[in-house]
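Enquirer: Chains as they are written, first to last, in our numbering: chain A, 8 to 599; chain B, 445 to 864; chain C, 31 to 283.
Not one of these hints is a red herring.
Below, a list of computed lysine-lysine pairs in the DSBU-like style, where the Cα atoms sit at most 35 Å apart:
| hint | chain 1 | residue 1 | chain 2 | residue 2 |
| --- | --- | --- | --- | --- |
| 1 | A | 487 | C | 148 |
| 2 | A | 365 | C | 218 |
| 3 | A | 435 | C | 160 |
| 4 | B | 861 | C | 82 |
| 5 | C | 201 | C | 160 |
| 6 | C | 240 | B | 772 |
| 7 | C | 218 | A | 487 |
Estimated spans, in silico, between C-beta atoms of each pair:
| hint | chain 1 | residue 1 | chain 2 | residue 2 | range |
| --- | --- | --- | --- | --- | --- |
| 8 | B | 853 | C | 178 | 58 to 68 Å |
| 9 | B | 519 | A | 8 | 51 to 61 Å |
| 10 | B | 520 | A | 307 | 35 to 45 Å |
| 11 | C | 71 | A | 306 | 17 to 27 Å |
| 12 | C | 256 | A | 341 | 56 to 66 Å |
| 13 | C | 186 | A | 364 | 30 to 40 Å |
| 14 | B | 571 | A | 35 | 41 to 51 Å |
What the simulated footprint calls covered on chain B by chain C, stretch by stretch (three residues with Cβ under 8 Å from a Cβ of chain C suffice, anywhere in the stretch; the number is not a length):
| hint | stretch |
| --- | --- |
| 15 | 757 to 770 |
| 16 | 813 to 819 |
| 17 | 823 to 831 |
Hints were generated in silico from the structure; no laboratory data involved.
Values in this document were obtained by computation on a predicted structure and should not be read as measured data.
Ideal Cβ placement from N, Cα and C applies to all residues, glycine included.
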Amino acid sequence: MARILPKKDVVIVGLGWTGSVMANELTDEGLDVIAIERGPWRDAPTDFPPSQMQDELRYRIRHELFLRPDQLTFTLRNKLDQQALPMRDWGAFMPPNGVGGGGVHWNGEMWRFLPSDFVLKTHLTQRYGAGFLPADMTIQDWGITYDELEPYYDRFEYLCGTSGTAGNLRGQIMEGGNPFEGPRSRDYPTKAQTQPFSHTLFAKAARELGYKPFPQPSGNLSTAYTNPHGLRMGPCTYCGFCEWFGCSNYSKASPQTTILPVLVRKDNFTARDNSEVVKINTDRSGKHATGVTFVDSSGETWEQPADLVILSAFSMFNAQLMLHSGIGQPYDPKTGEGRIGRNFTHQTISSVNGFFDKSKFNFNPFIASGSIGMCIDEFNGDNFDHGPLGFVGGGYVGQVQTGARPIESALTPPGTPKWGAAWKTAIKDNYLSTVKPGTGVHGSFYAYRDIYLDLDPLYKDRFGRPLMRMTIDIKENEAKQNRYLTDKFAEIIKAMGATSLAKTYRTAPYDATTYQTTHLNGGVIMGADPKTSAVNRYLQSWDVSNLFVLGASAFPQNAGYNPTLTVGALAYWAADAIRNQYLKKPGPLVDA
Amino acid sequence: MHKRNKLGGGIGAAALAAALFGGFQTASAGEIDSMNFTAVDRGRYLSILSDCASCHTVPQKNQPFAGGRPIETPFGSIVAPNITPDLQTGIGSWTDDQFDNAVRKGIGRNGERLYPAMPFNAYTKMSRQDVMAIRAYLSTVTAVYNPVVANTLPFPFNIRMSMRVWDGLYFTEGEYVADPHKSAEWNRGAFLVDGPAHCGACHTPKTFLGGDKTAQYLQGSPLQGWSAPNITNDTRTGIGGWSADDVATYLKTGHNRITAATGPMAEAVDLSTSKMTDDDVKAIATYLKSLPGEEKPQTAMAASSPEMRAGGAIYRDQCSACHGQDGKGVDRLFPAVANSSMARADDPTSVIRIVLRGARSVATDQEPTAPGMPSYGWQLKDEQVANVLNYVRNSWGNAAPAISPDEVGRLRASVAKRSD
Amino acid sequence: METRYGPRFSRRSLLLSTAALLVATSSKSTARTISGALPWEPNGGNPPVAAKFGPWEFFTVDEGRAMEALADRIIPPDPQTPGGKDSGSAVFVDRQLAGAYGSQEGHYVRPPFINGMKNQGAQSEGGPRKDYRDGLAALDKICKAREGGKAFADLTDDRKDAVLKDIEDGKLELEGIDGKSFFALAIKDVQTGFLADPIYGGNHDMAAWKMIGFPGARYNYLDWVSRHNEPYPLPPVSMVGRAEWSSNNSGAK
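With these hints in hand, go ahead and build the complete structure from the sequences.
Expert: Rendered as C-alpha cells:
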C-alpha cells in the first residue's frame, strides 16, 4: 500500500534539463513544486572533480554515470515480424540517470533546427510533391513554427552562455556563421570557442572546396559568464573529457551550472533523488491526473498527489510511462492509429577518419572540448536540391572531434592488423596525427510507419512491468542520405591532406551495439492534429489536460541537428503557456 | 497562566499576529512592549548583527533559537541553551534584568558565570536599549519545548567559579564609546565589529585560558579545525590588499574578486553579514581598513627547491583546472590563489584542510553559485599536499612559511572525524 | 620459474579505497530530500577503486600464465615499450573479471536468453567470466593437442602467433566457445588495459601513454589550443599523479 505524501501544486518527473527549466519557472510563479528523480543528486565537486574525471575506463567504457540496464532497459528489433531482444548492455545509445540527466554528460552542442524542419511535411510536399516521399514515411509538421520558438531558443542559449558566431542576425547573413540558420534576434551570449589545429584545418579545406564552414555552437564556454540567474560559469579548458563525463570546472552548461543552485534555495521547491516514478495516476475518468506513484531506493512505494504533472523523464521514459500509465491510446503500426509510441526516431550517424603523415601533422587531438568543431550545413535539411538525389533529409558534417581518449582513439589505418607488433607500431605512429571526428556526419532520421515504440510481450523489468520495445531500422532514405553526406565529408577530410581514410556508412540493419548518439525522439509527439499526435503545440497531453510531456519525445521526426537546444526551447515555451494561459484557466489549451 | 501565541516564526507573521490579536500577554511585561513593531524589528536586526541564530539553532533543524547546538571550545563543547520564549525550557520566564545580565555581563539566571562561548565580552558594547529590543524580538519567535543541558565541559572547566577569575582577567564591561575624532561611519563599524558582530571571537587569537590576546587584535586565530584569517590591514596575510569595497562585497555576498567565504565564515555570511544593510557592511569595511597591519617580512621559498618544483607539477596537472595556470582563478567562481592573502596566511590550517576535505563556498542571493572545491585527501599524500601548498603560497607574489608533511599528517588525523 | 604477479603498486594505490572491487554505481544510493541549499559533505565523492597489488584474484595459475602469454602476443614487448604482460594487461583483465565487469554488474540478466541477430547485442548469460574460463582452457587444450602437448604459454612466439592467426581466421576452432569471438574479446580487453589509467593494473608507469603521446589525466590546455602542430611537452600524469609530484623525484616541472 503506497504511503501518501502531502499534496503539492506541481510534481515533476525527472530532474534533467526540462525538469529543471520547468521547476524554476513554476516556482517563480509561486507554485509549490516537487521534482522526483530516479537517479542520484550530482554535483561537480563531489561527483566529477578534476582529480578523477579523466577516467575513460570508468566513465566511457563502463559508463558509470549512466542508467544501468538492470534498473531499466528496452528490447529491440528491426522488423515487425522479428522477436525483440533485451539490450542487456548499452550500445547504440546511453540513457541518462541522475539529477541533471543528459545535461551532465552531454557534449554541449547547441543547434537550432531550421525553419523548414518545423513544417517539414508541408515544405517537402510543396517542393518535391507528395509522391517524392517514401510511402511509409510518416513525417509531420510540428504545430509550431520557428518564428514562434525563436525567443525561446534565445532564452535557452542565454541561460547556457552559448559560445558561437551568428550566421543570420535578424535576416542579415553574417560572415563566419552558419548562413543557412534561421534568423536570430541577437548574437550569441559569448563568442565562439577557439578551435584546435585539426578543426581549423578542416575549415580551411572546406572553404577551399567552396563551402562556408562555421564554428559549432557550443555549451562549453569560451569565457567566464554570468547567466541571467546570476550563476557563474568558467571558461572551458579543453580537457577532452566531455561527452560521457561531467564537467569538473563549471564550464559546461548543465542544470547544475545554470539552474539548480538558484532553484534549491527557493522555499517552494523540493527534490527527491533515488526515487523512481513508476506510474502517473489518473482519476476514474482517466482524463485528469492526480499525481504520481514512485518507489524509493529502499523499495518503499509512495504516492505524490499534485494538481499539475510535468513528465520530463527523457524522451524514451516519457513514452514508457505513458504506456504504463495507460494514458493515450498506444500506437498500432498495422492500423496507423494510436497516439503513444508513434514516430520514434534516432539520428543517422557515420564518420570518416583520416590518417595523416605524422612528420607533417601533429594535431594534439587530446586538446578539445565537447562542442568544438568546424561544420558545414550545405547538406542539412532542405538546404540543397534533393530532386536528382532520390532521398530527403540531411545533416551537418564537420570535424567535431571532442578529444582523443586513448582506449577509443588509438586507431590504425585500414589494413593494419588488429593485434601484434604491427598494431603496436601503428598506434604509436598514428595517435597524434589521426583525425577522428566522431559524429562527423550528423544526419536526420525521419519517421516511418513501422518504426515505433510499444510494450514488449515477453521481457519484464525489476518491477515486473513490460519493457518498452523499440522497433527500428535504417530505411533506404536514411541510408542514401548518409551515403551522400559521408562521401561529401570524405572529400573534405581528404582535402585536409590525409594520407588514407577510413569511411563508414550507416546501413541497415539498425545496430544496437554501436553508438549512434542518444538522440532518441518521438513516441509522445506534438502536433496540430490530435489523431496523429499525443500532445498539442504546448506539449499538453490531448488526453489529460493537467499533464505536460517535455523533451524530445515531442519531436515528430528528427532533424539533422543535436536536439538539446530545441528541447530546452520547447520547455520554456511550454512553461510560458502554463504560466500565462493554463494557470489562469486550467484545461485544454487547444481545442481537440 | 500566561497565554502564548503559537504563531511565531518570521517576524512579520508574529508581529502582525500580535497586533491583530488583542489581549495578548507576554510572559513578562518588560521595558519594551513586544507589540511595539519598531522595537521588535530593531531587535530582529540586532539579533542578525549578533548572529544569535547561529549558535542557538541546530543547523538544518527548523527550530530557530531553540538551542541544543554544541559550540566547540578548546576546552570541550558547550551546548547553547534554548532562547525561545518557552516558559519551562526557554527564557520565557526570565526577567529583563536577567536577560541583560546574561547578554552583556556574562551572568546567568541564577547568578552563575557564563562561559565566553557566549560572547558577552563583545555584547557588552551594546546598550540596554539594544538588548531589550533583542529581547522583544526573541519573545515573538516560536516557543519550542527543548530542554538543553548547557554545562557539558569536562572537569575542571565545568566549575563556573573559575569564570570569576577569567572575567577579572579578560572581561571589561562597558558600552561602546564613540571616538570623537573619527567619522560616524568608522564608529558604527567599530561598534559592530567589537560589539554585536563579535568578530574578535573568532579572529582574535586566544590565550591558553581562552581570553583575547589583545595585542594581536583581529590578527587571526585557529578554531574548530579551521584558521580564521587576519583581518587587519597586513598586506601579506590580512586585508591590506583589499579595498573597502572588497570587504563590503565579501560580507554582503560571500564572494569578492579575491576569495569566497567557506567553513564557519560561510555560516556567518549566510545568517548574519549578508543580511546587514549596505551601510553597515560599509561601516565595518571602513573600520577594518583603518586597522594597521603588522607587516612582518617573509621571504618566499626558492622556486628551484625540490618542494616547489614538485608542487608546481601538482599545481600544473591538477589545480590549474580551476585556479588557472596563472593562479588568478575565475572571478567569483574560483578564488585566486595568486597574490592572495587567504592562500598565504601564516596559519595553514584552513588551506590544508580545504585541500584535504574540499569545501563549499556560501550561497547568497547575489551570489547563488556556491562553487565547491573537491577533496584531494584520497589522491595526495601528506608530502604532496605540503608540496603543492608550498608552491601556491610562495608563487605569484605570495610568500609564506613552509608547511611540512608532518603538519599535514597531523591535521589530516585531527579533522578526520569532523562532520563539517 | 619465478611467478610474476604483475607490476608493483605504490602504497597509495592500496589506500585509494577500502571498498570491494565491485564498482559502485553511485556514492549515494539512498533516497534523500533536497531543499534549501546544495548538499555538501567533506571528503565527498567517489574516488576510483584501484587494482590491488597481489596474486590473481580471478585467474587460476594456469589461466594467468595463458593470459600473460596471450597479452604478450597481442602487444609484444619491444626495446622501447613493454608488452602486454610487463605493462600489466593480464593483471588488468584479472582485476576486471574479479570485479563488476566480470560479474556483468548492472547488465540486464533476466531470462530468457534467446539468440538473435548479432545487431541485437550479446545475449549471453555467462558473461566475460565464463568466456575467459572457457576460452583460456580451450586455448590451452587445443595447443596441447596440436603442438606436442605444450600449453599456449610454452610455445615459441612464432607458434603462438600462428595459433592465434588461425583462430582469428576461423581456421582453428576452440572447443565449447566461439574462438573468433573469444580472441576478439581478449584483444579488446588487453588493449583496453594497455591504454587505461595505470591505477587499474595495466599501462604500468604510463608506458602506453608515453609511447603514443597522450598526456594523461590533465585538465587545462588553454595555453595550448592555439599552438598548432607543436609537440606537447609535458609528460603523462595518471589519476594518482606522476613521479614529479614528490619532491625527491621532481625533475622538470
